[in-house]
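A.B. asks: Below are the chains, spelled out letter by letter.
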Amino acid sequence: MTPSAAAAMKAAFTPEQERELVAWTKKYPYTNLGLIEALRSVQDWHRLVTPAAAARVAEIFDLPFNHVWSTATFFPTFTRWKTGEKRVGICHGLTCFLAGSDKMEKCLEKTLGVPKKKATADGKLSWEPMECLGACEQGPALQVNDRLIGKATEESILKLKDLK
Amino acid sequence: MTKILTKHFDTEPKFHELEAYRRLDGYEALKKARGMERAAVLAEVKKSNLRGLGGAGFPTGLKWETVPSEEKVPGPRFVVVNADESEPGCYKDRILLTRAPHQLLEGLLIASHVIGAKDSFIFIRGEYQNQYDIVEKALAEATAAGLLGEVKIHLMRGAGAYISGLDTALLETMEGKKAWPRQPPPFPTVAGLMAKPTVVNNVETLSMLPFIVNEGGEAFAKIGGPKSGGTVLFSISGSVERPGLYEFPMGVKLREVLTACGGPLPGRKLKGVIPGGTSMPPLMEKDLDIQLDFDSVRAAGTFLGAGGMIVLDDTMDAVEIAHNIERFLAHESCGQCTPCREGANWSERILHRLLDGKGEAADIANLSRVGENITGKVICALGDTVGMVLKGYITRYPDDFNKRVKQS
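Top line first, the protein sequences correspond to chains G and X. Read in my numbering, the first sequence has 86 at position 86, and its numbers run on one by one without any break. Read in my numbering, the second sequence has 182 at position 182, and its numbers run on one by one without any break.
Derived by calculation from the structure, the hints in this document are not laboratory data. Be careful, since some hints might not be right.
Distance condition first, Cα-Cα at most 25 Å in a straight line; then the derived PhoX-like pairs of lysine-lysine [what the hints assert, rightly or not]:
#	chain 1	residue 1	chain 2	residue 2
1	X	K137	G	K26
2	X	K46	X	K31
3	G	K110	G	K159
4	G	K82	X	K177
5	G	K27	X	K137
6	G	K103	G	K159
7	X	K118	G	K27
8	G	K26	X	K31
9	G	K124	G	K103
10	G	K27	X	K222
11	X	K14	X	K31
12	G	K103	X	K72
13	G	K116	G	K151
14	X	K152	X	K32
15	X	K196	X	K222
16	G	K151	G	K161
17	X	K177	G	K10
18	X	K137	X	K14
19	X	K72	X	K3
20	X	K118	X	K177
21	G	K124	G	K151
22	X	K152	G	K26
23	G	K103	G	K118
24	G	K82	G	K10
25	X	K269	X	K391
26	G	K27	X	K196
27	X	K177	G	K26
28	G	K27	X	K152
29	X	K32	X	K46
30	G	K26	X	K196
31	G	K82	G	K124
32	X	K72	X	K222
33	G	K124	G	K110
Example chain G residues on the side facing chain X (calculated, C-beta under 7 Å, incomplete) [stated by the list, open to error]:
#	residue
34	Y28
35	N32
36	L33
37	F65
38	F74
39	T77
40	G93
All residues carry an ideal CB built from backbone N, CA and C; glycine is no exception.
Could you put together the complete structure from these sequences and hints?
C.D. replies: Below is the structure:
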């Protein structure tokens with residue numbers, strides 16, 4: 001590891017965050033069972049998972065870096081791009097697609113002024129199409145930070161700007 | 001109409017709270033089960049013909065029976081609740097977690113008693129944060145009321161991968177690895193979480209247990225069809241007037257379900273009905289009088305799946321539908337098996353070309369060939385689905401496909 005990479009790894013988390021990561025190693029009957037939850041915390045704090053953060057998590061969990069990095073790059077929740085503080089998801093599963101999710105995607109792009117998977121300049125908001133959110137009766141379904149908002153309409157999308 | 005899981009949904013708005021749940025005889029079955037021999041509870045579950053309602057339809061009692069005894073394999077064993085509902089069209093578990101978390105907890109505790117699990121897990125998909133909060137609160141209530149006994153129930157969230165909903169991929173996810181399905185044998189009941197005997201059951205399946213213990217396996221079996229006991233939930237969407245959650249006895253006729261939910265929409269013609277989530281090819285007009293249970297739907301050339309019913313009408317285009325499903329599968333293919341990783345992407349691209357009006361005459365045959373080269377040649381059901389969906393839509397709606405080629 002280069003000295004700069006080592007420094008980045010050391011500086012990845014605040015002491016409080018370090019304590020929370022350690023807590024995840026002890027939450028379940030086996031250490032590694034806490035890894036997904038720990039990475040979810042990292043994503044919440046940094047709004048992405050960097051190699052430096054993954055390396056520090058690997059140290060805390062006593063796992064090889066490659067193990068943590070292969071997990072962090074597999075799951076859609078963890079990103080290598082920086083999401084907005086509010087991460088908006090528009091479902092494009094079959095029912096939501098049939099109910100016009102592509103129109104709502106265009107509406108999101110226009111209303112928030114950014115393409116998918118790119119945060120607004122102030123870092124507050126980003127949007128992306130997501131796979132089935134399990135809310136087909138309210139399609140096209142809209143969610144913010146893993147919480148279902150309900151049916152996406154031009155009005156409900158306009159309201160997202162107030163989340164800032 | 002016989003209802004088991006949603007019986008109190010219309011009349012008790014606070015069914016998710018411990019006080020209301022207990023007032024309606026909640027946790028009585030757990031008390032009864034704990035007073036019974038484990039083998040006696042298992043015998044009732046076997047008698048009930050309860051089958052896995054997460055999609056596979058495997059007999060629950062039979063699954064439990066394959067867990068080796070403590071004498072044979074000493075050490076811990078686990079029960080894992082699969083609440084990673086991600087199949088497009090399915091949202092029954094979301095509503096069960098929201099409205100009836102204690103029903104699930106009671107079922108889980110009954111299963112833990114039979115299996116001898118001291119640690120049990122509920123794995124909830126990350127996108128169900130609202131439901132996670134509800135289950136967390138219910139668990140705190142049950143714990144404070146001393147209902148857990150010796151069992152510890154752990155909650156865990158997923159991270160957005162559809163494949164995590166497959167039992168062996170779920171176990172890999174829980175272990176902090178990328179969600180690559182395992183190649184059984186050994187099956188999870190022999191070597192599951194951390195290689196310990198593990199029963200993985202769906203939310204709906206476990207939620208049936210309080211009824212089975214209270215009323216007996218025979219009473220449950222009598223409600224359903226010959227080989228699938230009890231009721232089944234359908235989460236209905238698409239071309240319907242009243243989308244939502246419906247509970248019917250196993251073996252209900254498709255026509256009856258469509259009448260209840262008002263599908264297809266007025267003025268539209270029925271194009272097909274996806275019975276259990278987008279992985280299942282649609283049932284057709286001619287199937288309106290078949291019985292919806294695992295075996296009858298299978299005989300009609302598709303699968304009951306996990307009750308995610310999507311009604312299709314004549315305003316919808318089969319190529320667009322197939323493209324949407326294949327795009328989903330290509331995105332969610334875990335990449336472990338080459339035929340699925342490559343084939344799903346190729347099918348998405350060929351379908352995209354058809355949609356773009358650039359389809360060639362050979363494309364339809366190529367799609368079928370790509371599908372045939374995946375099904376049966378991969379570790380898990382996702383890959384099989386890629387081929388099944390292609391074949392399903394091409395054979396059912398040849399006109400929609402041929403039209404795309406002629407235009408180009």
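A.B. asks: With reference to the structure, classify each hint as holding or not holding.
C.D. replies: Hint check:
1. At most 25 Å may separate the alpha-carbon atoms for a hinted pair to count; X:K137 and G:K26 meet this at roughly 21 Å.
2. Taking the CA atoms of X:K46 and X:K31, the gap is near 20 Å; set against the 25 Å cutoff, the hint holds.
3. Taken as a hint, the G:K110 and G:K159 pair is honoured in the structure, with Cα atoms around 13 Å apart against an allowance of 25 Å.
4. Restraint check for G:K82 and X:K177: satisfied, since their Cα atoms lie roughly 23 Å apart, inside the 25 Å limit.
5. Taking the CA atoms of G:K27 and X:K137, the gap is about 18 Å. The hint holds against a cut of 25 Å.
6. For the given pair, G:K103 sits about 17 Å from G:K159 by alpha-carbon distance, which is consistent with the 25 Å threshold.
7. A C-alpha spacing of about 15 Å is found between X:K118 and G:K27, which places the hinted pair at or below 25 Å, so the restraint holds.
8. For the proposed pair G:K26 and X:K31, the alpha carbon gap of about 31 Å is over 25 Å, so the pair is violated.
9. At most 25 Å may separate the alpha-carbon atoms for a hinted pair to count; G:K124 and G:K103 meet this at roughly 23 Å.
10. Between G:K27 and X:K222 the CA atoms are separated by roughly 43 Å; this puts the pair beyond 25 Å, and the hint is violated.
11. The hinted pair formed by X:K14 and X:K31 meets the criterion: a straight-line CA distance of about 22 Å does not exceed 25 Å.
12. The suggested pairing of G:K103 with X:K72 is violated, with an alpha-carbon distance near 59 Å, which exceeds 25 Å.
13. Between G:K116 and G:K151, the direct Cα distance comes to roughly 19 Å. Compliance with the 25 Å bound is thereby established for this hinted pair.
14. Distance restraint check for X:K152 and X:K32: the Cα-Cα separation of roughly 20 Å lies within the 25 Å cut-off, and the hinted pair is therefore satisfied.
15. Straight-line distance between C-alpha atoms of X:K196 and X:K222 comes to about 35 Å, which puts the hinted pair past the 25 Å bound.
16. Pair hint G:K151 plus G:K161 holds up; C-alpha atoms about 16 Å apart against a cutoff of 25 Å.
17. Between X:K177 and G:K10 the alpha-carbon distance is near 24 Å, which keeps this suggested pair within the 25 Å criterion.
18. At roughly 13 Å between alpha-carbon atoms, X:K137 and X:K14 fall within 25 Å of each other, so this suggested pair holds.
19. Between X:K72 and X:K3 the CA atoms are separated by roughly 40 Å; this puts the pair beyond 25 Å, and the hint is violated.
20. Distance restraint check for X:K118 and X:K177: the Cα-Cα separation of roughly 24 Å lies within the 25 Å cut-off, and the hinted pair is therefore satisfied.
21. Taking the CA atoms of G:K124 and G:K151, the gap is near 22 Å; set against the 25 Å cutoff, the hint holds.
22. Annotation: proposed proximity of X:K152 to G:K26 holds, straight-line Cα distance about 14 Å (limit 25 Å).
23. Under the criterion of a C-alpha separation no larger than 25 Å, the hint pairing G:K103 with G:K118 is consistent with the structure, at around 19 Å.
24. Taking the CA atoms of G:K82 and G:K10, the gap is near 20 Å; set against the 25 Å cutoff, the hint holds.
25. Using a Cα cut-off of 25 Å, the hinted pair X:K269 and X:K391 holds, with the two alpha carbons roughly 23 Å apart.
26. Restraint check for G:K27 and X:K196: satisfied, since their Cα atoms lie roughly 19 Å apart, inside the 25 Å limit.
27. Taking the CA atoms of X:K177 and G:K26, the gap is near 17 Å; set against the 25 Å cutoff, the hint holds.
28. Between G:K27 and X:K152, the direct Cα distance comes to roughly 12 Å. Compliance with the 25 Å bound is thereby established for this hinted pair.
29. In summary, the hint linking X:K32 to X:K46 is supported, as the alpha carbons are separated by about 17 Å, within the 25 Å threshold.
30. In summary, the hint linking G:K26 to X:K196 is supported, as the alpha carbons are separated by about 19 Å, within the 25 Å threshold.
31. Taking the CA atoms of G:K82 and G:K124, the gap is near 11 Å; set against the 25 Å cutoff, the hint holds.
32. At most 25 Å may separate the alpha-carbon atoms for a hinted pair to count; X:K72 and X:K222 exceed this at roughly 35 Å.
33. This hinted pair checks out: G:K124 and G:K110 have alpha carbons roughly 16 Å apart, not beyond 25 Å.
34. Given hint, G:Y28 at the interface with chain X, holds; its Cβ is 6 Å from that chain's nearest Cβ, closer than 7 Å.
35. Below 7 Å, beta-carbon pairs count as interface contacts, and G:N32 has one with chain X at about 4 Å; its hint therefore holds.
36. For G:L33, the interface hint holds, since its Cβ comes within 7 Å of a Cβ in chain X; the closest pair sits about 6 Å apart.
37. Using the Cβ-Cβ criterion of 7 Å, the hint placing G:F65 at the interface with chain X is not satisfied: the shortest such distance is roughly 13 Å.
38. Taking 7 Å as the C-beta contact cut-off toward chain X, the hint placing G:F74 at the interface holds, the least distance being around 4 Å.
39. Among the interface hints, the one on G:T77 holds; its C-beta lies about 4 Å from the nearest C-beta in chain X, closer than the 7 Å criterion.
40. Proximity of G:G93 to chain X holds as hinted, the smallest CB-CB distance being about 4 Å (cut-off 7 Å).
Hint check: violations occur at hints 8, 10, 12, 15, 19, 32 and 37; the rest are consistent with the structure.
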